[in-house]
Amino acid sequence: VEVVSLLLAHGAHAFLSTQLKDSLCFSGSAQRGCYSAISVAAAHGQRVSLRKLLSHPLAPGSREVLSLEEMLAEGDSTSRSQLERSQSEAPPTLNKTQIKSLQEAMYHSAENNHLDITIELRALGVPWTLHCWMHALAAAHELRLDAVIDQLLQDFLQVCPDDY
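Everything in the sequence shown is counted per our numbering, starting at 18 for the first residue and increasing by one.
One thing to keep in mind: the hints can contain errors.
To be verified - Computed cross-link-like contacts, EDC-like style, restricted to lysine to aspartate or glutamate with a CA-CA straight-line distance of at most 20 Å:
1) K69 x D172
2) K113 x E137
3) K117 x E128
4) K69 x E121
5) K117 x E137
6) K69 x E19
7) K69 x E159
Hints listed in this document are in silico derivations from the structure and should not be mistaken for laboratory results.
Input sequences plus hints: build the corresponding full structure.
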């Protein structure tokens, strides 16, 4: 975790993947590069490192653009504190690339039977793929975790909404 913190402090990007895929070739040599740090942590079951990577702001040096609500609230201290509270309670919004990276991390955690990490990524709002959902359900069944099985079965309609 200390190494992860040090790398993040010096500008490492947790979502960056250097993987190149050749769509014309199906051999193993077609994929060159490295998965994102989030995917690697999820694949190896490094929950603490994964949390550290996910808690790190994407661009710590960049100043965010103020919304109109924030600009109007600058003079009023009560509305500013309410706005800060609502932002701290809300989950972080993720862009499309980050969601794809997190889905890749979910895939690797499901493939390596790290059910806790798979469920944690789902709780962050990462959408299920049928493959990951089935692996998670199989792992929960193998571990006889009835509460998790119930939760996964309730998520089934989110996995295949068009079919049922």
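(message) Does E121 sit within 20 Å of K69, going by the straight-line distance between their CA atoms?
(response) Roughly 18 Å between the alpha carbons, so the hint for K69 and E121 holds.
(request) Decide if the proposed pair is consistent with the structure: K113 and E137, CA atoms, cutoff 20 Å inclusive. (result) holds, 19 Å
(request) Starting from K117, check that the Cα of E128 is at most 20 Å away, please. (result) The hint holds at about 16 Å.
(request) Assess, step by step, whether the Cα of K69 is no farther than 20 Å from the Cα of E159, and give holds or violated. (result) Roughly 29 Å between the alpha carbons, so the hint for K69 and E159 is violated.
(message) For K117 and E137, compute the direct alpha-carbon distance and say whether it is at most 20 Å.
(response) holds, 16 Å
(request) Compare the distance between the alpha carbons of K69 and E19 with 20 Å, and conclude whether the hinted pair is satisfied. (result) Given pair K69, E19 holds - Cα atoms ~10 Å apart, limit 20 Å.
(message) Given the hinted pair K69 and D172, is their Cα-Cα distance within 20 Å?
(response) violated, 27 Å
Figure legend: structure checked against the earlier numbered hints; hints not met, in rising order: 1 and 7.
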